[in-house]
Amino acid sequence: MIHRPEYTRVEKPNTCGKPLGGSSCLNYYTWIPGSAGTFDDWAPYGGEEWNWEYCRQYLYKPATYHDGWKNKGSELTHDVHNGTMCGLWKRTTSIYNRKRSSSWMCLEDKKNITVLSKTNSKRLLIDEVKEKCLGVELLLPNGETHSFGAEYGTIVSPGVFESPKLLMLSGIGRQSLLDHQILAHVFRLEYGNGLDHHLLRAGPEHDAAVSAYCWKNKGPYTSGLVELVGLDPFGPAGHPHFEIDFVPMFAGTVKLNIAEPLAQPKINLNLFANDLDIVALREGIRWVDDTLMTGEEMKDASIPAGAVRMGQNIEQCGVDGKLRVFSVEKLRVIDVSVIPVISDCRIQNSD
Numbered sequence: 001m002i003h004r005p006e007y008t009r010v011e012k013p014n015t016c017g018k019p020l021g022g023s024s025c026l027n028y029y030t031w032i033p034g035s036a037g038t039f040d041d042w043a044p045y046g047g048e049e050w051n052w053e054y055c056r057q058y059l060y061k062p063a064t065y066h067d068g069w070k071n072k073g074s075e076l077t078h079d080v081h082n083g084t085m086c087g088l089w090k091r092t093t094s095i096y097n098r099k100r101s102s103s104w105m106c107l108e109d110k111k112n113i114t115v116l117s118k119t120n121s122k123r124l125l126i127d128e129v130k131e132k133c134l135g136v137e138l139l140l141p142n143g144e145t146h147s148f149g150a151e152y153g154t155i156v157s158p159g160v161f162e163s164p165k166l167l168m169l170s171g172i173g174r175q176s177l178l179d180h181q182i183l184a185h186v187f188r189l190e191y192g193n194g195l196d197h198h199l200l201r202a203g204p205e206h207d208a209a210v211s212a213y214c215w216k217n218k219g220p221y222t223s224g225l226v227e228l229v230g231l232d233p234f235g236p237a238g239h240p241h242f243e244i245d246f247v248p249m250f251a252g253t254v255k256l257n258i259a260e261p262l263a264q265p266k267i268n269l270n271l272f273a274n275d276l277d278i279v280a281l282r283e284g285i286r287w288v289d290d291t292l293m294t295g296e297e298m299k300d301a302s303i304p305a306g307a308v309r310m311g312q313n314i315e316q317c318g319v320d321g322k323l324r325v326f327s328v329e330k331l332r333v334i335d336v337s338v339i340p341v342i343s344d345c346r347i348q349n350s351d
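Read in order, the letters of the sequence shown correspond to residues 1 to 351 in my numbering.
Where hints are given, some of them may not hold.
Here are the simulated DSBU-like pairs of lysine-lysine, each with C-alpha atoms no more than 35 Å apart in a straight line [said to hold, decoys possible]:
#1 Lys322 / Lys130
#2 Lys130 / Lys99
#3 Lys266 / Lys255
#4 Lys122 / Lys255
#5 Lys130 / Lys218
#6 Lys122 / Lys330
#7 Lys266 / Lys322
#8 Lys132 / Lys322
#9 Lys218 / Lys322
#10 Lys255 / Lys132
#11 Lys99 / Lys322
#12 Lys110 / Lys322
#13 Lys122 / Lys216
#14 Lys322 / Lys118
#15 Lys330 / Lys111
#16 Lys255 / Lys118
#17 Lys255 / Lys330
#18 Lys110 / Lys130
#19 Lys110 / Lys122
#20 Lys111 / Lys122
#21 Lys118 / Lys266
#22 Lys118 / Lys99
#23 Lys330 / Lys118
#24 Lys322 / Lys122
#25 Lys255 / Lys130
#26 Lys99 / Lys111
#27 Lys130 / Lys118
#28 Lys322 / Lys255
#29 Lys99 / Lys132
#30 Lys132 / Lys122
#31 Lys118 / Lys218
#32 Lys330 / Lys266
#33 Lys99 / Lys122
#34 Lys122 / Lys266
#35 Lys330 / Lys110
#36 Lys322 / Lys111
#37 Lys99 / Lys110
Everything labelled a hint here was simulated from the structure, so no lab data went into it.
Produce the complete structure using the sequences and hints provided.
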């Protein structure tokens, strides 16, 4: 491979899901379950409770290119929930009763849950002697701070970028990172180096489509954007390496910029650090072009995951198979940060 500096720089802009439900409110309204091989890759990290057979029960809860597809020797798919993510099918939507399905819907009509808007987590309250999380300190919209104690445990769930940041602000992380920020070191923990990502390509066509929808309510954004889903069988276990989507081999990082709760973390997606990804993308583009021939547009998605991956021990990752933070009692991370291998589906389906 030829390495060029302009292709190995660290990109600065990264989007983050702001609404209630986070980025599960995004991703083209599609509901794609993922393949058995990808979920089975989770088992060595989190245990057998994270393999396909165990996870599939949760996946159930929530112009035509047929001729071109068949001419390539591929088959149409009728059952996308059988663990074989190969073929072409009309996509399943994440819309019910005229509402976008998202993780926030589980909060509806829950009188025992209070949602604080425009509120940020400042740090976790840690008892260093008992090695236990006692609660969380919040930064309110008026600039004041308020602490909440947790009797049974604290769940960290601000997302793939903010979860590792909150752990580091609380003194939980690798010694070198915390020393650099002059933070009190509470517990050594290995995380922040497993950031996975489905790539996003923007451009003038995308900008024009957004403008047409915003000002005239016309253009491709008046539909659900994704009408058909196609998946290749090129992965090592027969599951997709690209979905007309992309399952990468690289791993990025999330670190602190400065030790301030409202400051954005330093995110390095480390795109295409693995040469196999470049080869896979090249061959994928050739394969799709050969299949569609005169297709008008191809687009991908921005879906990061894995910044606080689950694993078997503290040397490997940040949380165990029960999503409990290593070495700290009554503290769990429950969002896409824990996914050890990015799935070949919409992240909201596996979150």
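Proposed proximity, lysine 132 with lysine 99 (alpha carbon, max 35 Å): With Cα atoms ~40 Å apart, lysine 99 and lysine 132 exceed 35 Å; violated.
Lysine 122 paired with lysine 255 [C-alpha distance capped at 35 Å]: holds, 16 Å
Hinted pair lysine 118 and lysine 99, Cα distance within 35 Å: This hinted pair holds, its Cα atoms lying about 23 Å apart.
Hint consistency between lysine 330 and lysine 118 [alpha-carbon to alpha-carbon, up to 35 Å]: Given pair lysine 330, lysine 118 holds - Cα atoms ~25 Å apart, limit 35 Å.
Given pair status - lysine 132, lysine 255, alpha carbons within 35 Å: holds, 23 Å
Pairwise hint evaluation, lysine 111 against lysine 322, where the allowed Cα distance is 35 Å at most: holds, 27 Å
Proposed proximity, lysine 322 with lysine 110 (alpha carbon, max 35 Å): Measuring from Cα to Cα gives roughly 24 Å; hence the hint holds.
Pairwise hint evaluation, lysine 218 against lysine 130, where the allowed Cα distance is 35 Å at most: violated, 59 Å
Pairwise hint evaluation, lysine 118 against lysine 130, where the allowed Cα distance is 35 Å at most: holds, 32 Å
Lysine 255 paired with lysine 330 [C-alpha distance capped at 35 Å]: Distance of about 24 Å is within 35 Å: holds.
Agreement of lysine 266 and lysine 255 with the hint, judged by alpha carbon distance not exceeding 35 Å: Distance of about 5 Å is within 35 Å: holds.
Given pair status - lysine 322, lysine 99, alpha carbons within 35 Å: It holds: about 31 Å lies between the C-alpha atoms, which stays within 35 Å.
Of the numbered hints given earlier, the model fails hints 2, 5, 9, 13, 29; all others are met.
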